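The whole structure should be built from the sequences, with the hints applied where relevant.
4 protein chains.
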Amino acid sequence: MSKAFSVPVTPQGKSALATLPPWHYSSDCLAVEYGVDQNAIAALLPPGLTVDEKSAGRAFFWFLDWQFTGSNDELTDPARYQYREAFVLVEAVFDGVPVNYCPYIFVDNDAAIARGWAQGFPKKLGSVYQTRSFSAPSLAAAPLAKGSRFGASVTAHGKGWRPPVSSWSKPSPILRPFSTGRRPCAVTSHSSRPAAGTNHRSTNSPCRSRTVSRSWMWGGSAELKLPVVDGEDMHLIAPLRVGQGYRLGMAYSVTDLRILKNYAG
Amino acid sequence: MSKAFSVPVTPQGKSALATLPPWHYSSDCLAVEYGVDQNAIAALLPPGLTVDEKSAGRAFFWFLDWQFTGSNDELTDPARYQYREAFVLVEAVFDGVPVNYCPYIFVDNDAAIARGWAQGFPKKLGSVYQTRSFSAPSLAAAPLAKGSRFGASVTAHGKGWRPPVSSWSKPSPILRPFSTGRRPCAVTSHSSRPAAGTNHRSTNSPCRSRTVSRSWMWGGSAELKLPVVDGEDMHLIAPLRVGQGYRLGMAYSVTDLRILKNYAG
Amino acid sequence: MSKAFSVPVTPQGKSALATLPPWHYSSDCLAVEYGVDQNAIAALLPPGLTVDEKSAGRAFFWFLDWQFTGSNDELTDPARYQYREAFVLVEAVFDGVPVNYCPYIFVDNDAAIARGWAQGFPKKLGSVYQTRSFSAPSLAAAPLAKGSRFGASVTAHGKGWRPPVSSWSKPSPILRPFSTGRRPCAVTSHSSRPAAGTNHRSTNSPCRSRTVSRSWMWGGSAELKLPVVDGEDMHLIAPLRVGQGYRLGMAYSVTDLRILKNYAG
Amino acid sequence: MSKAFSVPVTPQGKSALATLPPWHYSSDCLAVEYGVDQNAIAALLPPGLTVDEKSAGRAFFWFLDWQFTGSNDELTDPARYQYREAFVLVEAVFDGVPVNYCPYIFVDNDAAIARGWAQGFPKKLGSVYQTRSFSAPSLAAAPLAKGSRFGASVTAHGKGWRPPVSSWSKPSPILRPFSTGRRPCAVTSHSSRPAAGTNHRSTNSPCRSRTVSRSWMWGGSAELKLPVVDGEDMHLIAPLRVGQGYRLGMAYSVTDLRILKNYAG
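Residue numbers (the numbering used here), protein chains in the order written: chain C, 13 to 277; chain R, 13 to 277; chain W, 13 to 277; chain L, 13 to 277.
Treat the hints with caution; some may be incorrect.
[Said to hold, decoys possible] Pairs of lysine-lysine, DSSO-like flavour, derived with a Cα cap of 27 Å:
(1) R:Lys237 <-> L:Lys273
(2) C:Lys26 <-> R:Lys273
(3) W:Lys26 <-> L:Lys273
(4) W:Lys237 <-> R:Lys26
(5) W:Lys15 <-> L:Lys273
(6) C:Lys237 <-> W:Lys237
(7) C:Lys26 <-> L:Lys237
Because the hints were derived from the structure by calculation, they are not lab data.
From a predicted model like this one, the values you see are computed outputs, not experimental measurements.
Following this line, the structure appears as structure tokens:
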């Protein structure tokens, strides 16, 4: 049963939603920098993480079109090996080290949920879209060039059809390259059972090598709204201010997980 | 953070895919009895479960239209609190007690995945449909009456759009009431992390009270096919023989979980 | 090529989204009576229809779970032959006869779009849900009994994932049977081509026999909201007042279409 | 009511699935050349079109990731203005002119259905995926370079969840640029009503300017299968031989429609 990373576990391993790492990813990304109330960040952080006093509540809202693969050209089965994702990173500190903490994340693929929950990403199903750049010149092509505008949206809940979340990065003229510091990502896994007293939580740092495709990096002005929606708490980290928007290519590989801290449930 | 049973965990608890039990369910069900190679069953069972020599490889393929709720009329939000499900139960023995073991299960709702994985159901996203009975008389009504025919199907993979699984319970004239023994259900949870050596598995028995709506119980002849499909191993428990099909209403409540056996990963 | 009612037209007729009538339907319905500004109704009516001065802007918002079939037990293929629908009917007058006119309608099935457009229903893809009644007693069963509460929602746009429409019939205690007058339904088909001057419109009355399942008819208090959403004009007929809500079973068959009026494009 | 090209028609024009042309498109495409039985092609052609004796049954299976826009940066709303498409073109002759005729086409967007049916494309809902090329180097990136492999799939029916069509262009090493003759596209619109004798059909040629992005054009070996599936006739034009596969960028604009031939229903 060695091939299955997730359920269903079978001797042949074909049914499993996820097979064993390494997992390789490449993506197109839209990211918007914004500022959040530090108290709202503090309320979301797990024990051991604290707000980053130096970051002034800095957060990023990301939209990603992903393709992933194992070691066997799985990417040639795009119905399973592509997905779209939207998530928030808020800046925090763990053990004196600046980190990005992920409190909300949406994907449109159950294999991405399986791998994400195992690492600690709190994924839910959602429908995520971002404007893409196409090669053939057209008013519809949105090339990576000055004056292009990009939009993105995420909706989620239950089966993803109801509209509790509408995060929208309004189109922006593209002006300057992206530049932000790198922080390790921290996420909290949460393993509950119906039985009382059997919960388990840990905060983890996914170990991964990352490559950013600099020739595809652009920045510009941005808009972002996180309205109040039924069944979501995300409006509590709605933007107090909105910074620049960025478009970039990014790749990484996941091979391991570092557990930063375990908690009793 | 006490209201969240699953991620995302927030102080307000609205974002969580699942809130704390009890969870209450009511459903319409189609079930087809069939027979499977005992060696194929044995290959799927976790340590501690063995084939039931007396059952001759008996299995059931179930299709269910579910509605669930907590304690606050959540059923009035049907986009989140309805889902469709298809699963297989194979008969086995745990510690001398006859049980039903669930090796494959598909749902169309991420909240159902969250609650299911916590109990040990190996859920994947799929698209599931069954013929429904409607009250207004019509050729389209499929009443619970002699001569009515019911069909069902499940497709799954990745985002549920690719066709690896097509299980089809062909329509059947409805002849006689359902009658089968009750066995506790056993399922195996599987908690992996990318890091080597951190897997955890346990076989559990979800604790629940169950009610079957006898006035809605009918049986008849049935057909069932589990073809070979890419990305699935389920054809290995394809029917050697097909028995009766049944249609019934069923309700139950989940409050707790009994862990039958823990394993090292 | 006689079997195909819609594209794709093939000699064998299996590929067609819709085959030739008659079409038979049975459904569970939630309907909410409400009142609309008569000027807003007038703005939506096609030439030949006028506001019904006696109806004081009466409208109904309907949610329907449908099953349909041709003459060959197509209902045993529920993935194709079930769909969910939400629509508005506003009261109007055509040629001195009181009618119900349908300006907005959403479905989750392309075969329903094909049959609907051919009749004149202005269907778009949406995701529609309503609370269902199940037979097995449970807090989740929502039986047709005093005190039960029902909800419904519709979301739509593009692929149905974005949230421009959120119509919500809030749960209501069920108090009294449904009673409303019958009016023929009027709808306007609209056949455009990219070439200028080749549009065609007609207002039609779908010919159908209808059966209402009275034993399943209940009424009660209701709530309804039609908020402003991007990409929709439906908020212009938002409720000025909300009347009763109703739950009922309904069946009908479609065999023909009566063209009330043709227009130049 | 001048802004609406399709239903729903409102004075404000926001609800309409499609607004008036011009429509601008840019796409990434995978196309596989293959050969079909000429009799099978003949059986699909509408009156006035005949098989192209010189083409030896040549056909192409296309997969396209589209972005489209009107004149107002609609592409910044990607949930509505992106879609995925799969279709077949068979070579034929109309009035002595070689054309490509489209008998089957699948899309995942109702606005694409509305615009397509108006032109004559026999669109159905389906789920379509193709491997994408990403900029950030990774095993998952599938760059446009020698050795990359691409796959694609389409599934369709009813709500698109059931698997009647599984067309698969197996991954192929990319070897040489694309080169094929240009033929105008011919499609047949089909306007039925439930009333007998009111059908209308015409064969049309969508007028459009086209740009192919040559720097993104690559070719290589290919595989293609069109298996027998329930509810589809497409296997009747399954490949007798499979030629090269191609990957390219393509853009075009639609402004008008040329009606080649009208038929009585």
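Here's how the hints hold up against the structure:
Proposed proximity of R:Lys237 and L:Lys273 is contradicted: the alpha carbons are some 46 Å apart, above 27 Å. Taking the CA atoms of C:Lys26 and R:Lys273, the gap is about 25 Å. The hint holds against a cut of 27 Å. With a C-alpha separation of about 25 Å, the suggested pairing of W:Lys26 with L:Lys273 holds against the 27 Å cut-off. A hinted pair counts as satisfied when its Cα atoms are at most 27 Å apart, and W:Lys237 with R:Lys26 qualifies at roughly 22 Å.
Distance check on the hinted pair: W:Lys15 and L:Lys273 sit about 22 Å apart at the alpha-carbon level, within 27 Å; holds. Restraint check for C:Lys237 and W:Lys237: the C-alpha separation of about 22 Å stays at or below 27 Å, so the hint holds. A threshold of 27 Å between alpha carbons decides the hint, and for C:Lys26 with L:Lys237 the separation of about 22 Å falls inside it, so the pair holds.
Of the numbered hints listed earlier, the single one contradicted by the structure is hint 1.
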